[in-house]
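Chains as they are written, first to last, in numbering that gives the first Met the number 0: chain A, 0 to 336; chain B, 0 to 336; chain C, 0 to 336; chain D, 0 to 336.
Where hints are given, some of them may not hold.
Chain copies aren't distinguished; within one or between two, either way the pair holds.
Unchecked claim - Calculated lysine to any residue pairs in the SDA-like style (CA-CA distance at most 25 Å, straight line):
| # | residue 1 | residue 2 |
| --- | --- | --- |
| 1 | K62 | A303 |
| 2 | K333 | F113 |
| 3 | K62 | S135 |
| 4 | K22 | E141 |
Bear in mind the hints are in silico, worked out from the structure with no lab data behind them.
There are 4 protein chains.
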Amino acid sequence: MHHSATKTDFDRVAETIRSLGFKPVVMPGAERTAIGVLGNQGPVDTAPFQDLPGVLDLIRVTKPYKLVSRDFHPANSIIRLGKGIRIGGRSPFLLMAGPCAVESPGQMLKTARFLKKLGVPVIRAGAYKPRTSPHSFQGMREEGVRILAEAGRETGLLTVTEVMSPDQVDMVAREIDILQIGTRNMQNFDLLREAGRSGKPVLLKRGLSATMEEWLASAEYIMLEGNEKVILCERGIRTFETATRNTADLAIIPLVKSVSHLPVIFDPSHATGIRALVPSMSLASVLAGANGLMIEVHPDPEHATSDGPQSLHFKEFRELNRKLQTLIGFAKTKRLL
Amino acid sequence: MHHSATKTDFDRVAETIRSLGFKPVVMPGAERTAIGVLGNQGPVDTAPFQDLPGVLDLIRVTKPYKLVSRDFHPANSIIRLGKGIRIGGRSPFLLMAGPCAVESPGQMLKTARFLKKLGVPVIRAGAYKPRTSPHSFQGMREEGVRILAEAGRETGLLTVTEVMSPDQVDMVAREIDILQIGTRNMQNFDLLREAGRSGKPVLLKRGLSATMEEWLASAEYIMLEGNEKVILCERGIRTFETATRNTADLAIIPLVKSVSHLPVIFDPSHATGIRALVPSMSLASVLAGANGLMIEVHPDPEHATSDGPQSLHFKEFRELNRKLQTLIGFAKTKRLL
Amino acid sequence: MHHSATKTDFDRVAETIRSLGFKPVVMPGAERTAIGVLGNQGPVDTAPFQDLPGVLDLIRVTKPYKLVSRDFHPANSIIRLGKGIRIGGRSPFLLMAGPCAVESPGQMLKTARFLKKLGVPVIRAGAYKPRTSPHSFQGMREEGVRILAEAGRETGLLTVTEVMSPDQVDMVAREIDILQIGTRNMQNFDLLREAGRSGKPVLLKRGLSATMEEWLASAEYIMLEGNEKVILCERGIRTFETATRNTADLAIIPLVKSVSHLPVIFDPSHATGIRALVPSMSLASVLAGANGLMIEVHPDPEHATSDGPQSLHFKEFRELNRKLQTLIGFAKTKRLL
Amino acid sequence: MHHSATKTDFDRVAETIRSLGFKPVVMPGAERTAIGVLGNQGPVDTAPFQDLPGVLDLIRVTKPYKLVSRDFHPANSIIRLGKGIRIGGRSPFLLMAGPCAVESPGQMLKTARFLKKLGVPVIRAGAYKPRTSPHSFQGMREEGVRILAEAGRETGLLTVTEVMSPDQVDMVAREIDILQIGTRNMQNFDLLREAGRSGKPVLLKRGLSATMEEWLASAEYIMLEGNEKVILCERGIRTFETATRNTADLAIIPLVKSVSHLPVIFDPSHATGIRALVPSMSLASVLAGANGLMIEVHPDPEHATSDGPQSLHFKEFRELNRKLQTLIGFAKTKRLL
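One chain only, chain A, in its complex shape:
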């Protein structure tokens, strides 16, 4: 719409969209406001709109997503996560860290205090664990959620944990600050919708073999519920190479950021599966343009219930954190990004 478009202009466009059986979505931006047409199966006839007052341009969108696209929302999204912490745009680079799984209150509290001291604002840990085999440890479930939440309250950290099923969303959303959708559930559409409806920030991991387009279309499911707080997370894709657990697709980070206004973080632990590769890949992701990192760290990786070989020791994490802070400050000052 034109800068000068009036409320009457907007209403008429919205009405016309509805009269064709579709749903109008108003998308305000810094410079101009767009109106999206949702619900159409194919091309929409542009004729009814061409001469409506206030209409500046008609953009045909053939992508499986609209709301996540920069076409409709040119400025970077900035997402408020709580306790003054934000991600996206020029917000500070955001670190999330913690063990793969919640194992005990002691383990969580120890980790939370360690992170707090380093200034890491978000603690992660899995309560519901999606495991390939039903014979593997399935997580502490509800109890794990409460232990994580308690560690967060005790230390003032924000918390993030995975939800695996729509019926877990309510309970987790009451206790935890950020909902994570895991790689295996990237196309669990009912879960996406339910997470969207919760209104909580949603961290959406890329599917094991998801194209960029499918990933963004999944983010669209969340946004379509009116929830604009979506954080994308690259965590490696499945390829023929077995030397690493997955193949870290760092180049997708700047590409997603050119296409979408959403923030993107990187998970070097799952992307590589090898502890020794986590530091260098974390640093590399800063320059690839990531808005943050999610890193596995454990007080005793050798005895972790899962993902021990890819979890950092506290000492290693402290050293990595030092390097990250040094690099981030420098990259900002020198305009490397």
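Position chains B, C and D relative to chain A; hints supplied.
The following block gives chains B, C and D in isolation, referenced to the frame of chain A:
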């Protein structure tokens, strides 16, 4: 356990398993009965079992599955689907066919009558449609389930449809004969468990990028709920090749059948995405050892709401069915399989 | 060109093509003759041709190949291999078999006599072996070529072996009937050209991660040297699945055959890497439309210098051959293909 | 061998290796000297060596490579490229840049002078171009080699270009400083051997779908000819993702460097195929531990004969170079690597 093992022998073994904190599962077979140890995270100490009476052998299983394995269940599983129809072992080759999506009662009834006349015993159609984009047609949902069920009742066909979320299982299980788990949900573990608990036959599609081992481990989730009626379905995997929608992995069929006792069917429509390839690949799968086929057929593919390009016209399906019946009879007579 | 086009018409078109800096290639067909424009980097201006007498149609070809395409050569190619053996179109299904590598005169003669007795017309064996590691057996090279050739002469079988380098082509072409280009050399363009120039039939294996389009473009390199005797061979592609050595892409066979006039065979030994899968996948490939098979068989697979686990024993091959002959005859009679 | 091992000790070990039919290779290192056993097909009996004087340890190597491994050569290799330029270990980060293809003397000289002014020590350009289609531009071949060499002489830059066939090696090695083996030829073993024999530094690109192990085994072919000047180049791998031309596998860089002593560089142009992604991925690779970069830059990318969309404009390259120098200096000072 030995042939000659007594009930007391069995009980003692089961008790010993429980005393170690694990769960015993009795798996009767034609020749001998095995007792599985479930719930262990790693190797189990074999010492407590070595001298128990009735114990024949201690088999270490390192695979992420046990119940689906031939090690514990050497004979082919034969699954009763209802109305006298079976699949697995020496049961007749089983055809399932129908449109991608339920679109209307007329479309379903027309298709059902067509299949009935050809002797195809199972009709398929999607009511809940997992679509990459939220802006695409999402299926007729509950109404679609009822339309499909009604077409089944009217013609005496068995019905199969996809469930996408645990909370759909109850309703669908009441109306439909076979529950399908789609490729995107192969690792939606709560859904697998819920489908397992329904007691209904479950058709488990292979995930887009699932290894054979992961696929079988997902089947294990269903069987672990006490549901032995699992049918595996190869539907193509994601590779670098884009000339076909997916890459049909026919070789996995004989490989799965050597490892597992479960029946395996093939879906040539999704595996190729190209109508013209469906007939030859269907015939090929018979000799690869498939126990059946699931084929997309539509009264009017050019106007289908989804997957039109890979759906057969009635005439094409009739011709393919003729070839299939000819081939199957011959292959059996000549012991080609 | 029109049916009625005269030699003068043809000459004028050819001259016009040359005047634009390109190369005309006359491609005669059963119904009409086409003239291809080769050497252009992008779209060619059609104006100079529009009004030339005899010109029927101007077809824009954006594919990376022309000569291999059905657009220019609608009828199936039939390739004469020598000794009355042909492949392609309605020629008999063609079996090629033999060990992975030439190991000794005794091994080759034993195998050749075995195949001869079964009526298999072509023996294969590697003399130059492309091995991942330089520390592995590299083949008997020139000596191996001579041993294979001698076994062929002794038994009257046709021979096929791999050439790895342009400078091997001359010698191999003098001794052997069919030159094989291996999967690792599918884009060794100088080798393709040299094999093309030899005038010998060339069996072109699909590259480990080659798309159909790239594979056909490589065949084009051979045909562009004036050699029309190209046989394509699907031998499995590299994917994330490691349960089989490669993923057999059977669906590519009917797809290639719809796009190209060249014959396509299947190599179930490399496609699966597992002896037990070879029989069923061989039979399946017949119905997928393959024109032949290349199968590894060895007098003593347990002591083979390479690929033992995927080589059939003589007894297994004899049984597979029986099934293949039975199936092929039936498929032809019943018009299953 | 022990530090204190004498020449007699070495000779006796070498003799014993030969007596078993294998080839001894002496590999001197900073701290101790190892003797490799080459040519064995499987495990070698260790008994004959156990009691030989001077023998410190017997290491079983099951990898398809030995010479490239850190097991035998723990210290980083430093490769002298000529004109005082080195790569590897603590040598300065090395930039190579230039157009995809040699197009004309003017284009090369313009590029060479531009690079010289910026302090970039190596110019790249393709003379022999491996193209999927025989109908695409195949490069200026011999003439291109001479044009590149002349530009190098004129400006004092080192030169690098691809060789596609063994018979090109001699001529190219006389004119050019570094031989490049392209991704399609990573397993063109005769070419690897010939490049090895040339004694020139060899830049070995990773194959399109090569595992790390296969890549290192190809490097072993070169080293086995006595040529220790091998530079590895990660240039993206083929995956299901088509949003980028290839998938940049940055994590393989630190992994290769932990396994091998050879230097590794990164080619962001081919890895992404998108100009806009080249700067951020170049910077990221510095922190992933790359020893250098090979970047496509062209005076007029819009009119390049190939790879225009992934080539930087001069202005973009200048800006990237500034950022790279800034980052490299900082990373060294702050010990980020």
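Verification of the supplied hints:
1. K62 <-> A303: between (42 Å within a copy, 21 Å between copies)
2. K333 <-> F113: between (31 Å within a copy, 24 Å between copies)
3. K62 <-> S135: So K62 and S135 pass the 25 Å test across copies only (11 Å; inside, 39 Å).
4. K22 <-> E141: Between copies only: 22 Å across chains, 38 Å inside a chain, cut-off 25 Å.
Comparing the model with each numbered hint stated earlier shows that all of them hold.
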